[in-house]
Amino acid sequence: MRKLSFLSFIFIFFLNHLYAEDSQFFGIAGYRVGPYAAGGTPFFTGYIDYLKLLNERDGGLNKVNITWEECEFEYNTAKGLECYERLKTRGKTGPTAIHPMSTGVTYGLMDKAPKDEIPLITLGYGRTDATDGRVFPWVFPLVTNYWSQASAIIEFINQKAKDGIQGKKIVLLYHDSAYGKEPQNVIEQEAKKLKFELVKVPVPHPGNEQQSQWLQIRKERPDWVILWGWGVMNATAIKTAQKVGFKRNKIVGNWWAGSEIDTEAAGGKVAKGYYAATLNLSGSDFKVVQDIKKYVYDKGKGGNEKYLGTVLWNRGVVAALVTVEGVKKAQSKYGNKVMTGAQVRWGLENLSLSKDDLKKLGFGDMVPPIKLSCENHEGAGLTRFQQWDGKQWTVASDWIGGDKKLVRNMIEKSAAQYAKEKNITPKCL
Amino acid sequence: MDKLLDIENISLSFGGIKALTDVSFDVYKNEIRAIIGPNGAGKSSMLNVINGVYKPQKGQVSFKGKYWENITPFKVANLGIARTFQNIALFKGMSVLDNIMTGRSLKMKSNLLEQALYFGKNKKEEILNRTKVEEIIDFLQIEHIRKTLVGKLPYGLQKRVELARALAAEPELLLLDEPMAGMNIEEKQDMCRFILDVNEHFKTTIVLIEHDMGVVMDISDRIVVLDYGLKIGDGSPQDIRDNQKVIDAYLGVG
Amino acid sequence: MTFFLEVLIGGLLSGVMYSLVALGFVLIYKASGVFNFAQGAMVFFAALSFVGIQINFGLSFWPTLMVVIILMIIVGVLTEKFVLRPLVNQPQITLFMATIGLTFFLEGLAQLVWGTDVHPLDIGIEDAPIEFILDRFDMVISAFDLFAAIISGTLVVSLAIFFQVTKIGRALRAVADDHQAALSIGIPLKQIWAIVWSVAGFVALVAGLMWGSRNGVQFALTFVALKALPVLIIGGFDSVLGAILGGLIIGALEKLAEVYIGPMLGGGIEGWFAYVAALLFLLIRPEGMFGEKKIDRI
Amino acid sequence: MFYRENGQFKISYSKDQALLTISQDKFFIFALVAFSLLIVPFIASDYWLTAILIPFLVFTLAALGLNILTGYAGQLSLGTAAFMAVGAYAAYNFQIRVPNIPIIFSFIGGGLIAAAVGVLFGLPSLRIRGFYLAVATLAAQFFIPWLLIKVEWFSNYNPSGVITTPPVTFFGFIIDTPVSKYIFILVIVILLTILAKNLIRSKIGRSWMAVRDMDIAAEVIGIPIMKTKLIAFAVSSFYCGVAGAVYAFLYLGSVEPDGFNIDLSFRILFMIIIGGIGSVMGSYFGAAFITLLPILLENIIHFLAVALSITISSAVTSVLQLLIFGALIIFFLIVEPHGLARLWSILKEKLRLWPFPY
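Keeping their order, the protein sequence lines are chains A, B, C and D. Reminder that position 160 of the first sequence reads as 308 in our numbering, one-by-one numbering, no gaps. Reminder that position 217 of the second sequence reads as 219 in our numbering, one-by-one numbering, no gaps. Reminder that position 282 of the third sequence reads as 306 in our numbering, one-by-one numbering, no gaps. Reminder that position 299 of the fourth sequence reads as 314 in our numbering, one-by-one numbering, no gaps.
If you are wondering where the hints come from, they were derived from the structure by calculation, not from laboratory data. Using N, Cα and C, we set each Cβ at its ideal position, and we do this for glycine too. Be aware that one or more of the hints could be misleading.
Computed, partial: chain A to chain D, Cβ under 10 Å [unchecked claim]:
1. E217
2. D264
3. R275
Derived DSS-like pairs: lysine-lysine, alpha-carbon spacing no greater than 25 Å straight-line [as the list claims (entries may be wrong)]:
4. B:K57 <-> B:K5
5. A:K442 <-> A:K454
6. A:K454 <-> A:K417
7. B:K149 <-> D:K363
8. D:K212 <-> B:K111
9. D:K165 <-> B:K94
10. B:K109 <-> B:K94
11. B:K134 <-> D:K212
12. B:K123 <-> D:K365
13. D:K365 <-> D:K25
14. B:K149 <-> D:K212
15. B:K134 <-> D:K30
16. B:K77 <-> D:K242
17. A:K570 <-> D:K165
18. A:K481 <-> A:K503
19. B:K125 <-> D:K363
20. D:K365 <-> B:K126
21. D:K212 <-> B:K109
22. A:K442 <-> A:K316
23. D:K41 <-> B:K125
24. A:K348 <-> A:K316
25. B:K77 <-> B:K109
26. D:K165 <-> B:K149
27. D:K165 <-> D:K212
28. B:K68 <-> B:K57
29. B:K123 <-> D:K165
30. B:K126 <-> D:K41
The whole structure should be built from the sequences, with the hints applied where relevant.
Okay, here's the thing in structure tokens:
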């Protein structure tokens, strides 16, 4: 065994020299295989497609060529960390910024990344309290975090529901795990504030069998169901809703339950009317998508055309966008050369994308305007809602903010506890 | 001669099948007591009753005048009764040495921590018992196979190792279930020698089941004959030879 | 009361879906004494191949079914040739291990050939409440569940007949009792194993179609194997009938528990309740539902 | 030739019962330990320490624990990860609730709590055997993470049931660099390995194997089956508990209960089966095989792709890797059904005779 591993050591050594030339290297730990491949594949395709676009169209970042390597980790935490360590050794200045794309890996990197001076971008997942950049200088739960989303979902229901949410009965159907517990505090407090009845129904992992949960729901006869699901649980939930005859247009999913995968796996028409939150709109009319088609796919360099414009592919593009813009911002301060992790961190923390900037970049309103600061690593905190019309997602609301004050307080409280446990003294870098 | 073991009207049945019906006999200190009988006569069942593997529906067993209630094989072992099995019950995955060492389990008292550290008391104990085991190994002349896995040994030697394991417990009463089954003549002679030596050297009382009439007649002091779970004869080899019932049972007449 | 019945019936019906998976395990355990860890992978492999062929070659339902059945038979035969035969007469644990290898292999192969996207699977029966029952008794019974129940019912019956009546079936039972003896009286062990694995593959296909059309065909199909374990515990690893009854019992128990006990404990107890139930059952009856008590003869 | 024990006479039983009786073994093992303690920290890159060696050691420890239960005492367990979780959460609670308690005590405490839980779930083993027993441990596997999620006290009321381990300090040293972590874990693993070895060559070890091989015979010669089995569960769970604590404190930093899911349990089971059931060394081999081989395969494929200048997407690479991995396992079993450990001893036999065929 030891001999063999020595061999592989040589291989890794060899590979290190592939990215020696002067380029901004993007390390990507992704999953296109294993239990959650269906979600990973479009996301990482989009991410890479955008990087390709920049090389093809603009010749990189301010003339700095972009290179990347994708390391497959199959959503397995140990493997994910292995990928992270491997990517760390690649490129001239390391992997620029890492998108862990998995709860387990995110937690695993909380300690490591700061030591290695590599920014973590957790786009719509991970630790919500990382929004407080004074405690988590290196972590960026960009665009919108879980708690803002939860609060936004409540506000959305409040808008949709006839004469408001007050006095209504809401069921929170959640994946019984850390991920599923994340929104509960927020929703409970909202329930107190807005005086609606909250019933929490957990679904054990993996959630491919929800008979009993939905019979409970049917018994409760709630006005709305919030679906905080993951993986196969989403499709099953929608299916089982139909089975017990619960109206799909009274279900609101969160953004990991709001992609084509979930609705189509349930069989397109079954999901008709189903609402879901998102931090990025789907659709391929945006200029950036057209450009990717023109500059990347038409040259036969694209990943897989069928994903273009889907929710998760677009999310991948957005993920790439914020990362890249972070680098650009850094370049504007440190000069147009290859940026180090530390410089990118500064760039991200001072990132600001106004409506016009986004328009110029060809994103239009695919994402809300973003403005970060040391205290706020979230940037937007806005959520949008889409509805499944049986074939595709259609916009069903404007950008919704939710109860910012409530969320902020909770974040600071939780971040403070983390700081205490890790004995960190909160400060801006 | 004082009684070591006393079997009183034992009846045992599995579901409908009667394995033993109202069997009684006794074993004197330091004698060699044989149980014989055709196949399915309930010989092994008898031994299993004695060391608590089977619970008889009726009847009692007393050891050194003490009756035992809800006995378990473990308790029996504690009383100083060891046995070997008809179809060898050695620990196939372990070396001969370890197999015999297991026989010393009751003699070793060091606790888990001491064992984990393998230090002081435990180490002494290990060495001490190893010496004892080595004596038995010498006694049974199996030095050369000490470290071999028992699974790899020929049948005859396995039987011998099993005897060694039983002896390692330094039992007062030794139950041997067909110790010579399937052995060739030389091996049988060896085994006879060992049994007699054990009986005389360690002063161990022996109850054995055996098919080979010749052997039984030669080495045992007294013999019990079972047939279809009933006792049909009990006495010295000579009495048994002349017992008509026994002859019939063996010739299958009557 | 209606609600109780609703939960109970719902539970029984989803129990049938568990039995369907358990069945595959039982067949193989019966014939080759192997606990086939790859059963879940086989379900995934079969279902994914099915939709894969449907999509890529635009075949309709029945032809696809034929193709996949043949495919599963090939898998069965190859497994016998390259995995079981070289390992014949090895201890159980070794064979178990081999099926672990098989699991990785099948999962890899399926994803290599057909990709990793989630596919919907529509076998034409809508998973919606039967109107008339809903109106009459205000009770939700899914047409699909009934259909699934009927399918697995027929499957079990036909398997039972297959084993009782046909020559292969008798041979198989002989093999199950004692490999050596079976061999000695000239039963072709290899063929029997190949056949059993093929049948298990077919059962996996059926399970894959049922679960796939409920959850969508995706990697998560491999998880259904876990649903089958407590069923096997209660029903016994080697009893076809046990698999069915076990499934029904587990299904009903876990649903009732989730609905009536769950809320007191904070819910989500389904995940472990089945196992605890199976455990308690074993403590009362270690030999399982149909296994007979055996006396240690020494 | 190289590996001859001829002429190495043991003049006392204590010598004969020593851990390493053959001088070549002594030399080899000591060299290996010295190498991994003194040389590796200097030559190994951070990547090797954090991404490969540390997880390898943690898994080895867990595998060791499972091997005691399954390999030596013959009780199949599918709940390893759950016992690891208990160890991790217990150690965490010791750290945050007992003022300035030394980390070692937290780890031991975690191990002990895990042992207690292990005994609890081991009780059914007195009535149930074989695959059927696996269900008892599966119950643990599904129940314990659920409990850790539900009862917020365990995670110190973290909103999502995640524990974030405080920095590890050992007699003033802060253990946060890859090297220090590696050495710290290595020492723990070596010590626990020695303890395991001792247990196995003592009475309890023999009793475990006796119960494994033939429980009735064991009882008849005076081995208390119940006690022996329960001790096996306790010791095994202790090892798993410590492994879990190390996993959380020195490898991941913060973990959620789902981190200890059934996949992890299976991984560890695979390790001992591939490595060698009932072999301490096998635990090492198995952990190495399962953690290293996929990485190695991936690199080989990647390397070939680069060499042959064909582009293979990482997805395909990893699917291929899965394929080959599965095939390799089957291949290994056909070549040597008793795991890598057995291969090792066969190799030693060969060395003994080399250069002569026999």
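Hints and how they fare:
With 10 Å as the threshold, the beta carbon of A:E217 comes within range of chain D, its nearest partner Cβ sitting at about 8 Å, so the hint holds. Given the 10 Å rule on beta carbons, the hint for A:D264 holds: about 9 Å separates it from the nearest Cβ of chain D. Checking A:R275 against chain D: minimum C-beta separation of about 8 Å stays under 10 Å; hint holds. For a cut-off of 25 Å, the pair hint linking B:K57 to B:K5 stands: about 22 Å separates their Cα positions.
At most 25 Å may separate the alpha-carbon atoms for a hinted pair to count; A:K442 and A:K454 meet this at roughly 15 Å. Simply put, A:K454 and A:K417 have alpha-carbon atoms about 20 Å apart, close enough for the 25 Å limit, and the pair holds. Restraint check: the Cα-Cα separation between B:K149 and D:K363 comes to about 16 Å, which is no more than 25 Å; the hinted pair holds. Proposed proximity of D:K212 and B:K111 is supported: the alpha carbons are some 19 Å apart, at most 25 Å.
For the proposed pair D:K165 and B:K94, the alpha carbon gap of about 46 Å is over 25 Å, so the pair is violated. This hinted pair checks out: B:K109 and B:K94 have alpha carbons roughly 23 Å apart, not beyond 25 Å. Pair hint B:K134 plus D:K212 holds up; C-alpha atoms about 23 Å apart against a cutoff of 25 Å. Simply put, B:K123 and D:K365 have alpha-carbon atoms about 38 Å apart, too far for the 25 Å limit, and the pair is violated.
Distance restraint check for D:K365 and D:K25: the Cα-Cα separation of roughly 23 Å lies within the 25 Å cut-off, and the hinted pair is therefore satisfied. Restraint check for B:K149 and D:K212: satisfied, since their Cα atoms lie roughly 18 Å apart, inside the 25 Å limit. A hinted pair counts as satisfied when its Cα atoms are at most 25 Å apart, and B:K134 with D:K30 qualifies at roughly 17 Å. The hinted pair formed by B:K77 and D:K242 meets the criterion: a straight-line CA distance of about 14 Å does not exceed 25 Å.
Straight-line distance between C-alpha atoms of A:K570 and D:K165 comes to about 24 Å, which keeps the hinted pair within the 25 Å bound. Annotation: proposed proximity of A:K481 to A:K503 holds, straight-line Cα distance about 22 Å (limit 25 Å). Of the pairs offered as hints, the one joining B:K125 and D:K363 is violated, with about 28 Å between alpha carbons and a cut-off of 25 Å exceeded. Taking the CA atoms of D:K365 and B:K126, the gap is near 35 Å; set against the 25 Å cutoff, the hint is violated.
For a cut-off of 25 Å, the pair hint linking D:K212 to B:K109 stands: about 22 Å separates their Cα positions. Taking the CA atoms of A:K442 and A:K316, the gap is about 49 Å. The hint is violated against a cut of 25 Å. The suggested pairing of D:K41 with B:K125 holds, with an alpha-carbon distance near 20 Å, which does not exceed 25 Å. At roughly 14 Å between alpha-carbon atoms, A:K348 and A:K316 fall within 25 Å of each other, so this suggested pair holds.
Restraint check for B:K77 and B:K109: the C-alpha separation of about 14 Å stays at or below 25 Å, so the hint holds. For the suggested pair D:K165 and B:K149, the alpha carbons sit about 53 Å apart, so the restraint of at most 25 Å is broken. Taking the CA atoms of D:K165 and D:K212, the gap is about 38 Å. The hint is violated against a cut of 25 Å. Under the criterion of a C-alpha separation no larger than 25 Å, the hint pairing B:K68 with B:K57 is consistent with the structure, at around 17 Å.
At roughly 46 Å between alpha-carbon atoms, B:K123 and D:K165 are farther apart than 25 Å, so this suggested pair is violated. In summary, the hint linking B:K126 to D:K41 is supported, as the alpha carbons are separated by about 23 Å, within the 25 Å threshold.
When each numbered hint is compared with the structure, violations occur for hints 9, 12, 19, 20, 22, 26, 27, 29.
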